[in-house]
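Q: Spelled out, the chains give:
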Amino acid sequence: MNALTTTTKPNPMQTFLWLLKREYWEHRGGFFWAPLIAGGVVIAIALLSLIVAETTAARHGIQLGGMNLDTIAHNMTAEQVAQFNSGLTVGLMGLSIPIMITLAFVVFFYLLGALYDDRRDRSVLFWKSLPISDLDTVLSKVVAAVLLAPLLAIAATIVLHLAFLVLISGYAGLHQVNPLPLLWNPAQLVSLWLKLILLIPVNAVWALPTVGWLLLCSAFARSKPFLWAVAVPVALGAIMGFTHLLQQLSIPSAWYWKNIVGRILFGVVPGGWFDIGGNGAFSTLTNGDNVNIALDRFGLVNSLLSWNRILGALASPDLWIGAAAGAGLIVAAIWFRRRRVETSV
Amino acid sequence: MNDVSATTTHIVRARGLAKRYGATVALDHVDFDIAAGRIVGLIGPNGAGKTTALKAILGLTEFEGELSVLGLDPRTQRTELMQQVCFIADVAVLPRWLRVSEAVDFVAGVHPRFSREKCLAFLARTKLQPTQRVRELSKGMIVQLHLALVMAIDARLLVLDEPTLGLDILYRKEFYQSLLNDYFDEEKTILVTTHQVEEIEHILTDLIFIKDGKLIVNASMEEIGERYAEVMVGPDKVEAARALKPLNERGIFGKTVFLFDGVPQAQLAQLGELHKPSVADLFVATMKGTYA
Numbered sequence: 011m012n013a014l015t016t017t018t019k020p021n022p023m024q025t026f027l028w029l030l031k032r033e034y035w036e037h038r039g040g041f042f043w044a045p046l047i048a049g050g051v052v053i054a055i056a057l058l059s060l061i062v063a064e065t066t067a068a069r070h071g072i073q074l075g076g077m078n079l080d081t082i083a084h085n086m087t088a089e090q091v092a093q094f095n096s097g098l099t100v101g102l103m104g105l106s107i108p109i110m111i112t113l114a115f116v117v118f119f120y121l122l123g124a125l126y127d128d129r130r131d132r133s134v135l136f137w138k139s140l141p142i143s144d145l146d147t148v149l150s151k152v153v154a155a156v157l158l159a160p161l162l163a164i165a166a167t168i169v170l171h172l173a174f175l176v177l178i179s180g181y182a183g184l185h186q187v188n189p190l191p192l193l194w195n196p197a198q199l200v201s202l203w204l205k206l207i208l209l210i211p212v213n214a215v216w217a218l219p220t221v222g223w224l225l226l227c228s229a230f231a232r233s234k235p236f237l238w239a240v241a242v243p244v245a246l247g248a249i250m251g252f253t254h255l256l257q258q259l260s261i262p263s264a265w266y267w268k269n270i271v272g273r274i275l276f277g278v279v280p281g282g283w284f285d286i287g288g289n290g291a292f293s294t295l296t297n298g299d300n301v302n303i304a305l306d307r308f309g310l311v312n313s314l315l316s317w318n319r320i321l322g323a324l325a326s327p328d329l330w331i332g333a334a335a336g337a338g339l340i341v342a343a344i345w346f347r348r349r350r351v352e353t354s355v
Numbered sequence: 009m010n011d012v013s014a015t016t017t018h019i020v021r022a023r024g025l026a027k028r029y030g031a032t033v034a035l036d037h038v039d040f041d042i043a044a045g046r047i048v049g050l051i052g053p054n055g056a057g058k059t060t061a062l063k064a065i066l067g068l069t070e071f072e073g074e075l076s077v078l079g080l081d082p083r084t085q086r087t088e089l090m091q092q093v094c095f096i097a098d099v100a101v102l103p104r105w106l107r108v109s110e111a112v113d114f115v116a117g118v119h120p121r122f123s124r125e126k127c128l129a130f131l132a133r134t135k136l137q138p139t140q141r142v143r144e145l146s147k148g149m150i151v152q153l154h155l156a157l158v159m160a161i162d163a164r165l166l167v168l169d170e171p172t173l174g175l176d177i178l179y180r181k182e183f184y185q186s187l188l189n190d191y192f193d194e195e196k197t198i199l200v201t202t203h204q205v206e207e208i209e210h211i212l213t214d215l216i217f218i219k220d221g222k223l224i225v226n227a228s229m230e231e232i233g234e235r236y237a238e239v240m241v242g243p244d245k246v247e248a249a250r251a252l253k254p255l256n257e258r259g260i261f262g263k264t265v266f267l268f269d270g271v272p273q274a275q276l277a278q279l280g281e282l283h284k285p286s287v288a289d290l291f292v293a294t295m296k297g298t299y300a
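Those sequence lines, one after another, are chains A and B.
Counting the first sequence from 1 gives a position; the numbering used here is that position plus 10.
Counting the second sequence from 1 gives a position; the numbering used here is that position plus 8.
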């Protein structure tokens, strides 16, 4: 029997799914557990706050309850309902910030190690003994970073939102308040979650320069990829600062730090693009004197997540110039993955 | 174009294969062929270029010269090549976080020539448990797992780079026995490097000695048996033996053992008792002065 005639082409899609599964197996802790734990911490803090509130209230003889949220809801004007919904969305979004920060850290260090750790422990020799191209290997790490990890973080966010609402409802129920009409608005929740999911591709395109740069350092470094990733852009900036090179080109040095260093190191922070190509709503929110101002701006958060805002970001050249640069860096990472097998030689 | 075996009789064909790391020459324009159905031992001292040669064959390093493996260019056709070539590079290169079951699932998922049934049958003979992680396994068990994965792949060339380094003798024996009994056949070719020459000498069909990036010996075991001979010579015939320019001599129990290359065996028989030299003795004799 001629062995070669029985060669079957492996299904490329299937191979890619296995590669993603591989990434998940290796990084279950970061991708799956870390966001859940971050959400758990938020819930624990919320629970503690409620307990403290409850005991303080009891100690001072303050009597809560007797309120009827139902009646309140009925008495609210349409504008007030919208404000409340808007506030609830802000609150739920705010709750998810610890998860998103965790995601950013996890993805940052995942990418730094993605093409380095297996070279250091030499298990790269096992992966390279299988019929998988370096292109697929590197792309699977890109997809794990910009798709798989964020999806799992959003799943954890959904769990957190539900747990939080259950907690608040339980608290309300404890005081004979019916939480259902105002807090449990499935359409609003689902639309919030859908928007979070729809933001993944935008975040992904925005993150490409960082993804590419970290993968390149990971594939290139013979040791200490973190140092390469951080020290090179910072040293470059410092040198240009000393020599006033940028000023001579009439480029403010802030431009370099924001558009180069910021984009290649902090692009994995979800929503980093909020501030570009739009009407500065994000700055309005952050510069607002207090949350009430933000809440007073009717549907501000919804506008933050509106199609207009997303399309505004997508129409911004900043996003796409960065994405092209990121793609170039990824190609360079693939090139090094092909040639630099071990860290020693 | 896939029908490589019709156009090439050799599994590996190298012409002028060269590689240098800075000033160090790892491979110095070597030529060699490896035919199908052979078990080739690539033997050499540390730093002789063995691993470089293997890496070139596996497409893991750049090189100069011509090299074709199964009719493919390892530099540009690596992914196709890896469907037909397996390798165990050193011991314990399996990722430490991987579970036994995940390893089987993954290779089954990505390798079109992998047989899960075969692999599970091999694993059933070991103490490995599906849920165990590689980091929980002993070195010997890791090699058992790697071997089970590799033997379940219907590949044409298996490359082994020091596969039993650091294993105890039980694991070492079992390793080569499994390879011979359950894996090797005339369709398959094995290329192996090791320092434990004496353990693989009986399974080799071909021998390549490499020293300072050059091939010193490249012959089948039959040719080696015809070409090299050891004679145990009494004190009276030592001078006569030395006149025939032996490769090496060593004293043993008041007699002297000479190793000859290419001297007719009939002539040697007159000097004393003839032996077939062990590969280890041959190796020591041909590598004289390597580290001096």
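It is possible that some hints are incorrect.
[Claimed, not checked] Distance condition first, Cα-Cα at most 30 Å in a straight line; then the derived BS3-like pairs of lysine-lysine:
id, chain 1, residue 1, chain 2, residue 2
1, B, 296, B, 284
2, A, 31, B, 253
3, B, 147, A, 234
4, B, 263, B, 222
5, B, 196, B, 284
6, B, 181, B, 196
7, B, 196, B, 222
8, B, 181, B, 126
9, B, 296, B, 253
10, A, 234, A, 31
11, A, 31, B, 181
12, A, 31, B, 147
[What the hints assert, rightly or not] Computed beta-carbon distance windows for the label pairs:
id, chain 1, residue 1, chain 2, residue 2, range
13, A, 27, B, 288, 33 to 41 Å
14, B, 85, A, 157, 26 to 34 Å
15, A, 261, B, 39, 27 to 35 Å
16, B, 55, A, 130, 17 to 25 Å
17, A, 352, B, 109, 21 to 29 Å
[Said to hold, decoys possible] Which bits of chain A does chain B cover? Going by a derived footprint, with three or more residues having C-beta under 8 Å, they are:
id, stretch
18, 22–34
19, 124–133
20, 138–144
To be clear, the hints were calculated from the coordinates, so they are not data collected in a lab.
As the structure is a computational prediction, the values presented were derived from the model and not from experiment.
The beta-carbon is built from N, C-alpha and C at its ideal position, and this holds for glycine as well.
Q: Under the criterion that the straight-line Cα-Cα distance not exceed 30 Å, is the pair residue 181(B), residue 126(B) satisfied?
A: The given pair, whose Cα atoms are some 21 Å apart, holds under the 30 Å limit.
Q: Between residue 263(B) and residue 222(B), is the straight-line Cα distance small enough, at 30 Å or below?
A: With a Cα-Cα distance of about 34 Å, the restraint between residue 263(B) and residue 222(B) is violated, given a limit of 30 Å.
Q: Under a C-beta cut-off of less than 8 Å, do 3 or more residues of the stretch 22–34 of chain A approach chain B closely enough to confirm the stated coverage?
A: holds (count 7)
Q: Can the restraint linking residue 31(A) and residue 181(B) be considered satisfied, given a maximum Cα separation of 30 Å?
A: Violated, because 36 Å separates the two Cα atoms, which is more than 30 Å.
Q: Holds or violated: residue 296(B) with residue 284(B), Cα cutoff 30 Å?
A: holds (19 Å)
Q: Does the structure keep residue 147(B) and residue 234(A) at a Cα separation of 30 Å or less?
A: Satisfied, since the Cα-Cα distance of roughly 28 Å is no more than 30 Å.
Q: Between the stretch 138–144 of chain A and chain B, see if three or more residues pass the 8 Å beta-carbon test, and mark the coverage as holds or violated.
A: holds (count 6)
Q: Given the hint of 33 to 41 Å, check if residue 27(A) and residue 288(B) actually sit that far apart at their C-beta atoms.
A: violated (49 Å)
Q: Would the hint linking residue 196(B) and residue 222(B) be met if the CA-CA limit is 30 Å?
A: holds (26 Å)
Q: Quick check: does the Cβ-Cβ distance between residue 352(A) and residue 109(B) fall within 21 to 29 Å?
A: holds (28 Å)
Q: Is it true that the C-beta distance of residue 261(A) to residue 39(B) lies inside 27 to 35 Å, as the hint says?
A: Since residue 261(A) and residue 39(B) have Cβ atoms about 57 Å apart, the given range 27 to 35 Å is violated.
Q: Need the status of pair residue 31(A), residue 147(B): alpha-carbon distance at most 30 Å?
A: holds (26 Å)
Against the hints set out earlier in the document, violations occur for numbers 2, 4, 11, 13 and 15.
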